[in-house]
Amino acid sequence: MNHDSSSDGHHSGCGGYTRRQMLRACGMGIGGLALHELLADGQSVAAAVAENGLTRNSLDQNGPLAPREPHFPARAKHVIHLFMNGGPSQVDTFDPKPALEKFAGKTAPGGNLKTERPTGAVMPSPFKFRPYGESGIEVSELFAKTAESIDEIAVIRSMRADVPNHEPSLMLMNTGESRLVRPSMGSWLTYGLGTENQNLPAFIAMCPGGYPIKETQNWQAGFLPGVYQGTYVDSSQTRIDRLIEHVTNDGLSRSDQREQLDLLAALNRVHQEPREHDPRLESRIQSFELAYRMQSEAAEAFDVSREPQHILDLYGPGTQARQILIARRLVERGVRYVQVWHGAGQPWDNHDDLEARHRALAGECDQAIGALLKDLKQRGLLKDTLVIWGGEFGRTPVVEMPKEGSNQGKMNGRDHNHHGFSMWMAGGGVRGGYVHGATDELGFRAEENRVHVHDLHATILKLMGFDHKRLTFPYAGRDFRLTDVHGNVIEELIA
Amino acid sequence: MPTHRPAMTLRMFLILATLLGAARLEPLAGRAGAAEAIAADRQEEAFFESRVRPLLVEHCYDCHSLELGDSSGDLRLDDAAATRRGGSRGPAVVPGDEQQSLLLTAVKYDSPDLQMPPEGKLADEEIEVLRQWIASGAYDPREPLEHEPEDAEPAADPREHWAFQLPERTPPPQVVADSARDVLDAVVAERLTEHQLAPAEPADRRTLVRRLTYDLTGLPPSEAAVERFVASERPDAYARLVDSLLASPEFGERWARHWMDVARYADTIGYTLAGRERRLRGSERYRDWLIRHYNGDLPYDEMIRYQLAADRLDPEGEQGHLDAMGFLTIGRRFLSKHDTIDDRIDVVTRGLLGLTVACARCHDHKFDPVPTTDYYALYGVFNSSQTEEGDDSPWPLRMTDIEKPQDVRVFVRGQAGNRGPVAPRQFVSILEDATPEPFTTGSGRFDLAMRIADPANPLTARVYVNRVWGHLLGRPLVDTPSDFGVRTERPAHPELLDDLAAEFVAQGYSTKWLVRRIVLTHLYQQRSRASERQMQADPENRLLARGNRRRLGFEALRDSTLVVSGHLQRTLGGEPVKITEASTPPRRTVYAFIDRQQLPGVFRVFDLASPDAHTPERHATTVPQQALYLMNSPFALQAARDSAAAVERELAASATDNSPPSGSADDAERFVEALYRRVLRRSPSDRERSLAEAFVREPADDFEPVDYQSAWQYGIATLDEQGTVSEFQPFPHFSENRYAGGEKFPHPEWGYASLTSRGGHPGGGRKRAVVRRWIAPRGGRVEVSASVNHPNPKGDGVRATLVLGEAVLWSGVAHENRQSSGSLQVDVAAGQPLDLVVDDNGTTSFDGFSSELAIRLDVEQTSYAFHSQDDFRGPGDRRGPKPGLNRREQLAQALLMSNEFAFVD
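From first to last, the protein sequence lines are chains A and B.
Residue numbers for the first sequence, in our numbering: 174 to 668.
Residue numbers for the second sequence, in our numbering: 604 to 1508.
Misleading hints may appear alongside valid ones.
[Unchecked claim] Partial pick of chain B residues on the chain A-facing surface, computed with a CB cut under 8 Å:
{"no.": "1", "residue": "939"}
{"no.": "2", "residue": "940"}
{"no.": "3", "residue": "943"}
{"no.": "4", "residue": "1222"}
{"no.": "5", "residue": "1229"}
{"no.": "6", "residue": "1232"}
{"no.": "7", "residue": "1249"}
{"no.": "8", "residue": "1303"}
{"no.": "9", "residue": "1407"}
{"no.": "10", "residue": "1411"}
{"no.": "11", "residue": "1459"}
{"no.": "12", "residue": "1470"}
{"no.": "13", "residue": "1503"}
Just so you know, the hints here were simulated from the structure itself, not pulled from any lab data.
Built from N, CA and C at the ideal position, the CB exists for glycine as well.
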């Protein structure tokens, strides 16, 4: 519902008031008082909403994407979340377990933990691990290129989630809640921070060839305004009009459109003149100018052919390389949150033929991920950009038993595993060359310094400048937050 | 993580303990000397610190500790006293008594009602640690922790909360302002005087008719209706207009859509496993039921009763009321039954009562007097109800009672495996005078409906009246329309809400009566322009000293555009239509197909109600994506063409012999006048007229949209040694997504020569090289990259050649590998062909290949990206683009984008 509250920014009339009084006196519409000015001393929007009685509607009207300061100085300004959907196996990637060889083909000494499907004997990793970098952290050959930047990376080997099923685990990883509809982390962060480039969507979710399972719920805004929802991009497409809706015009030449918008602005000014004190009129006028610029800027941002050959060569061929390179171009242009999904459905879900499939999947993305880390670093962007890698859970160190209708006749894959798995983060204030936590001898269950998904979220928010307990939104009678009633910041992960 | 947690893991401890001799961990019998006692104490301490505390920290503190901010079931396990005191069910630990220690009962998972931790049973050795600890006296050195400071306000009796009192009529004030037309106007005017404010003037008639028509029907008034009202001198002209709008069928469409926000309406059930059918069968019947009964003015109390319990009131569906049960059944079907029920509890309690009962799912409500037993009382009601399954039910939205309705136990902390006391099915306790009576009719849904729709219920009418007020005035009286709990302050004018609510009930819950009364007030009719004085005294307009300017919601904006373009279909009801598809019928937006799992971007961008949960109030954001839709979407462009065409037809129809010739300067003047009247229902001012006429007098650029698909041709040609391409012949046949020589494949003449979106196969010899030809639609700078992949180790591979006119840009032989041209830059003239030629490189065996050709054409500031895969189409699928907009159409689009069109004063 639209509210007619407003002010044309009579700063002078508000002199000498406290913030709260000023807001009361000058109105919550606050046209001339840009929200980021109001929050210049580092107060978050959420805090302003809570403490100053700023209304939801004033947020809506004030440019919900205007850049804003978080609770305290941020270590990271942007996020690239590389989502290995389906669940990569930790013991084949970032969590070496020599004991698997020892017990190969035998029953796991501690017994098998309950996962989604029946499992059997210990299955050693078919991949070779070796130490990388000064930190000497061991990584498997699957991510050899990524591992070249291991000294920038904090590997979390003690991740845990709640259940061994894709749907709830995807929701938990993305929204902090397995079942109910809640805003995604990208939505929370764009709500909290706005965005630095109004000519591009603030939160972009790329997935080539279709949706991951749970589809658009993975980047949903829930009860937050729709503008905070991730914009989905099918990164298998190359043409801009298939990447971003309505960003090209098939009816007017660019110069005619410019003249048309000039006329529109002139007519809107005539309309505006007797209607002072309504900031919404002005912001709608501005939105057409932003849209006009977005047309060229978005096309340019998604066009990797504008990269020099040596950069294209660094990332390599294929869809993964292109979308990961696009991710870099987007954060470079100020996009707040980019989620890069490996592919439609659940590509990393290798219940069988794990060796061949994991090799192929890592082969598609390792070079590009390695390139991303180096590229961000050489551009000075890595310090501001938090790169997150991982799936919704990991996989069992024991073999999955064959089952009619799924992996019939095969005993060469691993089941889902939420008891323990690995993720890593790099850049954006993360302590590089560091391993956090550990799983048990076989890599089944997180044992030391366990990190629940809520703890990961709390830590990510901290890196982005937020106290996860104070980034809230009032809805249905209470203040909601990404971590609900959970979450501890893992300080050791922060440099 | 808590800092006091020992570094040693349990596993390490067990290994150590085994090495050191676990016998020492057995309970100690009796007491000997002091030294032994001290030693025993130390052993107990060591045992507690290294074995017991880590278990508690790891498995219990998440939900039962102060530090993590939670004490589920009122139980804390983070200090000794709290642990012994226990929670709502009794002591967690009774030293030495395994049977009475609920902690042990819970971790053993023996009792179906009490199983902890919820994420899974502890390992046997861990349970044994706890058993030993309790058996040996439960040594526990943990100091009492401070209690959390209470941040709640002094606990006034929640029963005294204003919203829980029955609303009463308001007596008129002693002094009644001249402008007052209703007791409400008088009340507000009196309060304004206290603030040195006065009610605003009424809006002018043109504004008023537009405001009223939008508010009641969601559509703009016709030009004739505007002129009629403006010209009318009858004193009752306004009231007559109100009555005619209330009687129009569009009223039901507008007000049904408002209710659909409350009811989280969608046409699909949400996410399904393994691609199961998602269509929510019969969803549109609920929407149509609402439209029908808003139009028929079915009393609101009856609407409530049918929506919750039509299975009892119209069991055979003879009156069609079973469709009303969509209110309950139209929500997202969650993968878990508990969450589906939760959604239904939420829509009923927030939607109808303005109570956030769903907050009490895991613990008693933090602020409101709603205990978990209230939540599970309603849970029991819906758990004892079932929905129709199967495709052949004549009443797909119906909900019925199961045969043996029963109460459920409270799920402690919302965990289904953790059962608390029985919660009898009954009404929300704060709304009952005495101890609530258990529901007696089947599941209790009927009793619930009766309690909500009871005139003695203080919330139901208030909540509804507040919503209606918000839709009409642009802002509800109570800012949180679905939360009237104790933290919600009394509105600035409590009399308005109470008087309307009380009389609404007295008037038999008639929505049309309510709407009529509100729009006849002076309050509704005030002008929206704010004076300096008003801006200073009441910038937010809480005191209602003026009207509120409002932006059209997406439905009204889109519907208005269709009205202007002359195409809006007025049929009521029916199957939903996918409004984002190209050839969608021009129906009102209330009939849009709403896929809650894949909500079209435009719905999100324009702040439509989320179909995932009850929406108390829509957001109203302004973002460039909205502008992009109005500037660039096929819908907006077509509306511009249609609107201009309608104006031209109108002018042609009224033309006389003396009319200026079409296209002349005088004709432009007539066009601008007629277009303004069509789009904005008024004549342009002089200033606007001169801007618009100057605009349409300029010629439009010669603009032909780029047709990506038609830029490509597929055929065979001869490639000579110099790289010249000649004798290009298009493929005569297309089937199974493949261009080839004929239906028969391989073809007797063309052989294997063929092209698909991702590659193809050359024919034999240099005369049958396959050619993917791109013809430059404009002159400009081209950046091109080609690649050909021939994975097969057999044969001799294929040769790829990239040719622009006479020039070979690149050539390579792919054999068991991929050859790529890299990025090449070259200038092209319009109409010049660029060919990717693939020949057999000698022999045609094993010559299947894949290829990609990406071309970026830069023309002045604009880039056009072509791609061999994206643009690939069969000959029948190529649809030419529509022509560009002429200047008049561009003007029409500008008016449709204008603030005046999008806002209502």
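Structure-based check of all given hints:
1. Checking residue 939 of chain B against chain A: minimum C-beta separation of about 6 Å stays under 8 Å; hint holds.
2. A hinted interface residue such as residue 940 of chain B counts as satisfied when its beta carbon comes closer than 8 Å to some beta carbon of chain A; here the least separation is about 11 Å, so the hint is violated.
3. Look at residue 943 of chain B: its Cβ only gets to about 10 Å from chain A, farther than 8 Å, so that hint breaks.
4. Evaluation of the residue 1222 of chain B hint against chain A yields a held restraint, the C-beta minimum of about 4 Å falling below 8 Å.
5. Taken as an interface hint, residue 1229 of chain B checks out: its beta carbon lies about 6 Å from the nearest beta carbon of chain A, inside 8 Å.
6. Taking 8 Å as the C-beta contact cut-off toward chain A, the hint placing residue 1232 of chain B at the interface holds, the least distance being around 5 Å.
7. Interface hint status for residue 1249 of chain B: violated, as the beta-carbon distance to the closest one in chain A is roughly 17 Å, over 8 Å.
8. Restraint check, residue 1303 of chain B versus chain A: the minimum CB separation of about 6 Å is within 8 Å; hint holds.
9. Hint on residue 1407 of chain B is violated. Least Cβ distance to chain A is approximately 17 Å, over the 8 Å limit.
10. Evaluation of the residue 1411 of chain B hint against chain A yields a violated restraint, the C-beta minimum of about 20 Å exceeding 8 Å.
11. Proximity of residue 1459 of chain B to chain A holds as hinted, the smallest CB-CB distance being about 6 Å (cut-off 8 Å).
12. About 5 Å separates the beta-carbon of residue 1470 of chain B from the nearest beta-carbon of chain A, less than 8 Å, and the hint is met.
13. Because the closest C-beta pair between residue 1503 of chain B and chain A is about 5 Å apart, less than 8 Å, the hint holds.
Hint compliance for this structure: hints 2, 3, 7, 9 and 10 are not met, and every other hint is.
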